[in-house]
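K.L.:
Please model the entire structure based on the sequences and the hints provided.
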Amino acid sequence: MVALMARATGRRLTLATPRAIRAALPTLLVVVTTVSPAWWLFATRRTLDGHPGDSGRCPASNVPPRWPDWLPA
1 MVALMARATG RRLTLATPRA IRAALPTLLV VVTTVSPAWW LFATRRTLDG
51 HPGDSGRCPA SNVPPRWPDW LPA
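FYI, the numbering for the sequence shown is 1 to 73, going by this note's numbering.
Don't read these hints as lab results, they were simulated from the structure. Take the hints with a grain of salt, since some may be wrong.
Said to hold, decoys possible - Have a look at the derived ranges for each label pair, beta carbon to beta carbon:
(1) VAL63 with TRP39: 15 to 25 Å
(2) PRO18 with PRO72: 38 to 48 Å
(3) ALA8 with ARG66: 38 to 48 Å
(4) LEU41 with MET5: 11 to 21 Å
(5) THR33 with ASP69: 21 to 31 Å
(6) ALA23 with ASN62: 40 to 50 Å
Think of the CB as a built atom: it goes at the ideal place given N, C-alpha and C, for glycine as much as any other residue.
P.N.:
In structure tokens:
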């Protein structure tokens, strides 16, 4: 549903733009509106409980020093 709404919005925004941008903008909007919530979910909520890939949070010894503070580990 979100992808369809983003695609429709992209079509309306691109009426007076060049053809190359007109072709790419709806796709870009679909990707951004799909990836952003998924990235936020995994960054803030981690993997769902009980999922085989859920190992819990990494211990401090396993977090690289370059890891950003705003992203939970």
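K.L.:
Indicate, hint by hint, whether the structure satisfies it.
P.N.:
Here is how each hint holds up against the structure:
1. VAL63 with TRP39: 15 to 25 Å: holds (19 Å)
2. PRO18 with PRO72: 38 to 48 Å: holds (41 Å)
3. ALA8 with ARG66: 38 to 48 Å: holds (40 Å)
4. LEU41 with MET5: 11 to 21 Å: Given range 11 to 21 Å: holds, Cβ gap about 19 Å.
5. THR33 with ASP69: 21 to 31 Å: holds (27 Å)
6. ALA23 with ASN62: 40 to 50 Å: holds (44 Å)
Violated hints for the displayed structure: none, as all numbered hints are satisfied.
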